[in-house]
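Q: Below are the chains, spelled out letter by letter.
2 protein chains.
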Amino acid sequence: MSVSDQLLQEYGQRTRVELARYLQPREPRRHLYSLVADYPQRGGRMLRSSLCIATARAFGAEPDDALQSAVALELLHSAFLVHDDVEDESEMRRGLPTLNASCGVAAAVNAGDALALTALRALVDNRWKLGPRLTIRLLAEAERMARESVEGQAVELGWRSDNATHLGDADYLEMVLKKTCWYTTIFPSRVGALLASGGDDDLDRFIRFGFFLGAAFQIQDDLLNLVGDESRYGKEINGDIREGKRTLMLIHLLREADADERSRLRTFLARPRPERTDKEVRWIRERMETYGCVDRARRIAYGLSGAAEHECATLYAGVPDSRDKRFIESLPMWVLSRL
Amino acid sequence: MSVSDQLLQEYGQRTRVELARYLQPREPRRHLYSLVADYPQRGGRMLRSSLCIATARAFGAEPDDALQSAVALELLHSAFLVHDDVEDESEMRRGLPTLNASCGVAAAVNAGDALALTALRALVDNRWKLGPRLTIRLLAEAERMARESVEGQAVELGWRSDNATHLGDADYLEMVLKKTCWYTTIFPSRVGALLASGGDDDLDRFIRFGFFLGAAFQIQDDLLNLVGDESRYGKEINGDIREGKRTLMLIHLLREADADERSRLRTFLARPRPERTDKEVRWIRERMETYGCVDRARRIAYGLSGAAEHECATLYAGVPDSRDKRFIESLPMWVLSRL
Chain Z
0 MSVSDQLLQE YGQRTRVELA RYLQPREPRR HLYSLVADYP QRGGRMLRSS
50 LCIATARAFG AEPDDALQSA VALELLHSAF LVHDDVEDES EMRRGLPTLN
100 ASCGVAAAVN AGDALALTAL RALVDNRWKL GPRLTIRLLA EAERMARESV
150 EGQAVELGWR SDNATHLGDA DYLEMVLKKT CWYTTIFPSR VGALLASGGD
200 DDLDRFIRFG FFLGAAFQIQ DDLLNLVGDE SRYGKEINGD IREGKRTLML
250 IHLLREADAD ERSRLRTFLA RPRPERTDKE VRWIRERMET YGCVDRARRI
300 AYGLSGAAEH ECATLYAGVP DSRDKRFIES LPMWVLSRL
Chain H
0 MSVSDQLLQE YGQRTRVELA RYLQPREPRR HLYSLVADYP QRGGRMLRSS
50 LCIATARAFG AEPDDALQSA VALELLHSAF LVHDDVEDES EMRRGLPTLN
100 ASCGVAAAVN AGDALALTAL RALVDNRWKL GPRLTIRLLA EAERMARESV
150 EGQAVELGWR SDNATHLGDA DYLEMVLKKT CWYTTIFPSR VGALLASGGD
200 DDLDRFIRFG FFLGAAFQIQ DDLLNLVGDE SRYGKEINGD IREGKRTLML
250 IHLLREADAD ERSRLRTFLA RPRPERTDKE VRWIRERMET YGCVDRARRI
300 AYGLSGAAEH ECATLYAGVP DSRDKRFIES LPMWVLSRL
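Protein chains in written order, with numbering that gives the first Met the number 0: chain Z, 0 to 338; chain H, 0 to 338.
Isolated chain Z (complex conformation) (with noise of 0.2 Å):
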C-alpha cells in the first residue's frame, strides 16, 4: 500500500471514529437526524481530513491538535454535497439516492443546514483542547472558505441559468478554486499551519499549492464522470454532460466546435434536463473525443498537478522530513492516479 493509502485509512479512521460522536441519533431522528448521519456514513476518501492532520503534524502540531478540526471538514463536505445536489437536482451520490431523490427537497435543505451546524459545533468545540484565542482564529478561517465554496457555487448556479456558452479556460479555474480548492486543499492546508504556529504563519503561502493541487483534483474528477467505472464512482457516467456541467472539456468543446455543432450544443443546454437524451449525450461525448477535449484536460490536470509539486518542494523545503511530510508530497500524483 503507498504511503498516500496507508496514512488516508489511518487519519481517515481516527477521523471517523471522532465523527461519529457527532452523529450520534437523537430527536428528531427519523426527520432530521438520521438524514444528517446518511452522507458522512456513505464513506468517502476523507482526502480533506488527512491533509489538515497531516499539515499540522508536519508542522510539528500535537498528535490530535487538528483532529476536531477534521471533523469538521468531514461534516461541512457533507453539508455541501446535500445542498449542491438539492441544487443541481441530482439522483445519485456514492452509489445511492440523494437525500433529495429519497425524502424531497425540505428535508434534504434543512438537514443541510444541520450538517453545517454539527460542524460549527466541532470547531466551537476546539475551545476546550486550543482555547479561545485560536479557536475564534479557526472560525474566522472556516468562514472564509466557507464563503469562498457558496461563491463558487454562484458562479456555477449562474453559468447554468444564464445558458453560458462562451467561457474559458480561466473562468473555469476561477470558479473551481473558489468551489472547490478552497475546502478540499487551501483550509485544510491552512488550518494545519496555524494549529502548528499557534497563530502566527503567513496562511496565503497556501493558496497557490492548494488551488495547483485541488484544480488537478477536480479536473480528474469531471474525467472519471466520462471515463470511470460507475460501480466504484458512485455517478451515473456522463452525468455531468446530462447535467450541462460547465466541466473544461464542455468549455472546450463550445470553443472548437464548427457553427452547427455550437448551435446544437446551446439549444441541448437550453434544454430542462428530463428532455436531454441519451442519444444527445452520447452524441456530445463523442464530438469531446473527437476534437481532443479529454485528452487536453487530462493534459491540463498534469500541469496542475506538476505545478503543485513544484510548490510543495518550496513550502515544505526547510521541513524535517516525516510521513506527514511524505503523503503532501505524495498527493499531487495521487490525485491523478485515483480511478
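In short, the hints are calculated from the structure, not lab data.
Where a beta carbon is used, it is the ideal one built from N, C-alpha and C, also for glycine.
Wrong hints could be hidden among the right ones.
[What the hints assert, rightly or not] Listed below are several chain H residues computed to face chain Z (Cβ distance under 8 Å; list not exhaustive):
#  : residue
1  : V85
2  : M91
3  : A106
4  : D112
5  : L116
6  : E142
7  : A145
8  : Q152
9  : A153
10 : G157
11 : K234
12 : I236
13 : P273
[Stated by the list, open to error] Sample of chain H residues lacking proximity to chain Z, with all beta carbon distances greater than 12 Å (derived):
#  : residue
14 : G43
15 : A169
16 : R261
17 : C311
18 : A312
19 : S329
[As the list claims (entries may be wrong)] Here are the in silico distance ranges between beta carbons for each label pair:
#  : chain 1 : residue 1 : chain 2 : residue 2 : range
20 : Z       : S101      : H       : Q12       : 44 to 50 Å
21 : H       : A139      : Z       : R25       : 16 to 22 Å
22 : Z       : S33       : H       : E255      : 30 to 36 Å
23 : H       : E285      : Z       : T266      : 48 to 54 Å
24 : H       : A269      : Z       : N162      : 36 to 42 Å
25 : Z       : D294      : H       : V16       : 44 to 50 Å
26 : Z       : R337      : H       : R337      : 30 to 36 Å
27 : Z       : D170      : H       : Q12       : 40 to 46 Å
28 : H       : R20       : Z       : A169      : 28 to 34 Å
29 : H       : Q12       : Z       : A312      : 43 to 49 Å
Fit chain H to the given chain Z structure using the hints.
A: Chain H in isolation, oriented as in the chain Z frame:
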C-alpha cells in the same frame, strides 16, 4: 408613540446601519450578493435585534456591546426565512415574491447559506470588541439556538410529510419552542445577559420567559394569517390553511370536527398543495369559526402573554428601572396588539 414602538424604531435603525456594512454589493453580485441583501432589505419589525440590545443594556452592558449580535440575529432570521420559503414552497414574503419564486430553488438555497455565513462573520467580528473568550461563548449560544430552530423545522416538516392529524396543543407548543422561541426571544435574552455579565450568568432562567413570549408571538402570527390585513401582513390570507400548516387552530379543528369533517380535512391535507381549492380553504376557515378555534387560540395567546409578564416581573425584579427594562416589560402586550 408607545415605548415599544419608539425603541424598536431607534434600535432597529441602529442595527440597520450596521447591517448595511455586511450587505455591501460585491461579486458575484447578480447570482449571489443581490439575493443575499434582498430579504434583510425588505424591512421587518427588528424585534429580535431590539430585544437583544435592550436586554444587554437593561442588565448594564455598554450601549453597543450587543450591536454585532443584533446584526447577526437579523441576518440569521433572513437565512431561516429564505430556507423556510424553499421548504414550504412559499410564494410571497413581505408583499413580494419569495427568493425561490423569483430566482429558483437552487439560487435561493445558496443565498440562504451565504446569509447564514454572513451572520457567522458578524458574530466572529465580535472578537475585536469583546475579546476571544466572550466571542466563543456567543458562538456556542448561536450554535445551540440555530440547532433548536432546525430541529423545530424538522418536526414541522415531518408533520406535513407524515400528514399528521392527531396532534395536541403540547406538540404545537414544543415545536414552537424550538422553531420560533429560541431565536426570537430566548437567544436575544440570553445573549443580552451574557454580554452584560461578561459570562457569569445563569442563562437557562430566560427559557421560560422566552417560551411564553415567543409562543404568544407565534400564535398571534398564525392568527394574523387568518384575520389580518393582507397589504400589511405581506402574505396571502389563509395561506397557512392552504399550506396545511399545523397551527393551534387547525389542530383544534382536527380534534373537534365530527367524523365526516375529519375525513374531509384529512383528504384535503393529503393532496398536493396546488390541488387544494379556494372553496375548500374557505370551508376550513368557516369550520374554524364554527368550532371556536380562533377564539380559543386567542385565549391561549393571552394566557401565554400573561405568563410572560409574570416571568418578566421575576427576572427583572432587581434590575434598576430604565427605558430598556420598560421596553422588555411591554413586549408581552405588544406581541398581541400588533396587526
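Q: Now, for every hint given, state plainly whether the structure supports it.
A: Checked hints:
1. V85: holds (6 Å)
2. M91: violated (18 Å)
3. A106: Since the shortest Cβ distance to chain Z is 6 Å, the answer is holds.
4. D112: holds (5 Å)
5. L116: holds (5 Å)
6. E142: holds (5 Å)
7. A145: Interface hint status for H:A145: holds (5 Å vs cutoff 8 Å).
8. Q152: holds (5 Å)
9. A153: holds (4 Å)
10. G157: Interface hint status for H:G157: holds (4 Å vs cutoff 8 Å).
11. K234: With a closest approach of 18 Å, the H:K234 hint is violated.
12. I236: violated (23 Å)
13. P273: Violated. Min distance 16 Å.
14. G43: holds (21 Å)
15. A169: holds (15 Å)
16. R261: Its Cβ never comes within 12 Å of chain Z, the nearest being 24 Å, so this holds.
17. C311: Holds, because the least Cβ-Cβ distance between H:C311 and chain Z comes to about 30 Å, which exceeds 12 Å.
18. A312: holds (34 Å)
19. S329: Answer for H:S329: holds, closest chain Z Cβ roughly 33 Å.
20. Z:S101 to H:Q12: 44 to 50 Å: Since the Cβ atoms of Z:S101 and H:Q12 sit about 46 Å apart, the hinted range of 44 to 50 Å holds.
21. H:A139 to Z:R25: 16 to 22 Å: holds (18 Å)
22. Z:S33 to H:E255: 30 to 36 Å: holds (34 Å)
23. H:E285 to Z:T266: 48 to 54 Å: Holds - the Cβ-Cβ distance for H:E285 and Z:T266, about 51 Å, lies within 48 to 54 Å.
24. H:A269 to Z:N162: 36 to 42 Å: Since H:A269 and Z:N162 have Cβ atoms about 38 Å apart, the given range 36 to 42 Å holds.
25. Z:D294 to H:V16: 44 to 50 Å: Distance hint for Z:D294, H:V16 is violated at roughly 56 Å.
26. Z:R337 to H:R337: 30 to 36 Å: violated (58 Å)
27. Z:D170 to H:Q12: 40 to 46 Å: Cβ of Z:D170 to Cβ of H:Q12: about 41 Å, so the range 40 to 46 Å holds.
28. H:R20 to Z:A169: 28 to 34 Å: holds (31 Å)
29. H:Q12 to Z:A312: 43 to 49 Å: The hinted range 43 to 49 Å is violated for H:Q12 and Z:A312, with Cβ atoms some 56 Å apart.
When the structure is compared with the earlier hints, violations turn up for hints 2, 11, 12, 13, 25, 26, 29 and for no others.
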